[in-house]
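Student: If you want the building blocks of each chain, they are given just below.
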Amino acid sequence: MPSPPPHILFILGGARSGKSRYAQQRAEQLEGDLVYIATAQAWDDEMTARIARHQDDRGPRWATLEAPLALAAAIDAEGRSGRALLIDCLTLWASNLIFAERDAEAETVRLLDALRGAPCPVILVSNEVGLGIVPDNALARRFRDVAGIINQAVAAAADEAVFIAAGLPIKLK
Amino acid sequence: MPSPPPHILFILGGARSGKSRYAQQRAEQLEGDLVYIATAQAWDDEMTARIARHQDDRGPRWATLEAPLALAAAIDAEGRSGRALLIDCLTLWASNLIFAERDAEAETVRLLDALRGAPCPVILVSNEVGLGIVPDNALARRFRDVAGIINQAVAAAADEAVFIAAGLPIKLK
Amino acid sequence: MPSPPPHILFILGGARSGKSRYAQQRAEQLEGDLVYIATAQAWDDEMTARIARHQDDRGPRWATLEAPLALAAAIDAEGRSGRALLIDCLTLWASNLIFAERDAEAETVRLLDALRGAPCPVILVSNEVGLGIVPDNALARRFRDVAGIINQAVAAAADEAVFIAAGLPIKLK
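Residue numbers (the working numbering), protein chains in the order written: chain A, 21 to 193; chain B, 21 to 193; chain C, 21 to 193.
Since the hints were derived computationally from the structure, they do not count as laboratory data.
Heads up, some of the hints might be wrong.
Said to hold, decoys possible - Derived contacts from chain B toward chain A, CB cut-off under 8 Å, selection only:
1) H27
2) I28
3) L32
4) G52
5) E148
6) F183
We put the beta carbon where it would ideally sit given N, CA and C, even for glycine.
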């Protein structure tokens with residue numbers, strides 16, 4: 021059985037690695053109600069189906085909130101309730117920032133400030149996307165850079181960090 | 021020197037990570053004859069050359085069997101001999117299932133049943149394919165999903181699981 | 021604080037994983053002057069900017085040398101000074117070898133000989149590029165094969181090897 025999360029828990033993994041399920045299990049070790057903060061936006065039918073499936077998988081303890089861009093504000097607002105927050109995932113957030121032409125560096129500073137000030141446990145899920153061949157197009161390379169820089173920053177700020185492979189955790193810190 | 025395998029050993033790694041070599045070393049720690057169950061099919065000259073090279077690398081202790089689709093049946097049939105089985109690899113099997121329009125979920129349930137019922141050690145090799153940029157085309161994304169779900173299921177059923185990077189194992193369980 | 025490097029330290033990681041920063045920190049734990057051996061060539065503005073940024077990040081203890089192809093010769097020549105060497109990175113070297121139509125296998129043997137004969141600590145950084153979907157084109161697959169084979173060979177020769185994810189090390193050996 022996974023143990024309860026520390027103040028800031030960072031969970032990194034690949035697509036279909038079981039990272040969201042692991043994050044949910046860690047959150048559900050905690051007492052009280054829980055808030056799922058989704059960064060996903062339903063661009064197409066594939067994504068709509070995936071979001072709906074994930075919502076069905078979670079039980080009545082969970083409230084769900086969408087925060088495709090204003091993640092720091094969502095942490096500030098929801099953290100006041102004292103409920104633990106699960107943010108899934110930072111990679112989609114990175115993608116949303118790029119498409120909205122926001123300053124990813126400044127937004128990451130805001131995210132780190134919100135995390136450090138949060139009066140509740142926060143679990144953050146992110147994708148590792150830098151372990152394949154260099155992408156052909158410049159936008160994909162920029163996305164990969166932004167995602168990697170966010171991952172490093174949040175991992176450095178985390179109390180605990182794990183890498184998930186095939187559903188199983190490897191301790192990073 | 022790697023130690024002998026437990027009943028079910030799951031070996032996950034990238035392309036050219038040394039995962040097949042590691043699997044072979046673990047198998048050869050065992051007494052008696054060994055069965056190599058290949059899921060590869062020789063689609064082209066590149067693949068034909070790779071299969072032939074791998075066969076040459078293995079010695080006379082090894083029998084080789086091809087099971088591109090009917091993996092559970094091969095485990096049932098070959099396991100009766102008591103010889104240890106090395107299945108290489110589950111990712112190609114996932115790809116074969118998709119191209120043959122089989123129900124990957126049902127086939128995975130059959131695989132897990134065969135693994136649990138096997139009276140012999142079984143070593144399974146698989147690729148991690150979910151740590152790069154999201155693929156452009158829907159078929160590649162579906163393949164990535166199926167491969168990841170199979171990896172999680174087999175890792176959960178395994179007695180031991182390792183992630184191989186640059187030929188070296190990281191313990192998953 | 022990371023500890024000083026052993027004779028040969030191999031650092032593997034993804035794009036934007038923090039592997040170069042980790043390598044630099046490990047090198048700077050050592051006494052005396054340091055040599056940064058870059059395999060990068062400035063093909064375009066994106067790369068030129070990245071190289072300049074990395075040079076600015078390093079301090080006055082560092083000399084910088086470019087060795088896009090003749091890596092073994094650079095180790096032989098620079099190692100005589102007794103200064104520790106940081107080679108960044110083997111993946112670009114693999115790419116350079118392929119574009120220059122050199123024999124990557126023979127060059128890797130030369131690299132290993134130079135590493136074993138070096139009278140100084142050597143830190144080598146490399147990318148893991150084999151954990152995504154199989155690339156569409158044959159050249160990318162060949163690059164992935166060569167990079168993976170070099171990574172395995174250097175990891176086998178290393179006294180210490182780590183995998184970096186989100187800036188944090190996982191021990192390989």
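Student: With reference to the structure, classify each hint as holding or not holding.
Tutor: Verification of the supplied hints:
1. H27: violated, 17 Å
2. I28: Hint on I28 of chain B: violated, closest Cβ of chain A at ~13 Å, above 8 Å.
3. L32: Holds, about 5 Å.
4. G52: Interface hint status for G52 of chain B: violated (29 Å vs cutoff 8 Å).
5. E148: holds, 6 Å
6. F183: holds, 5 Å
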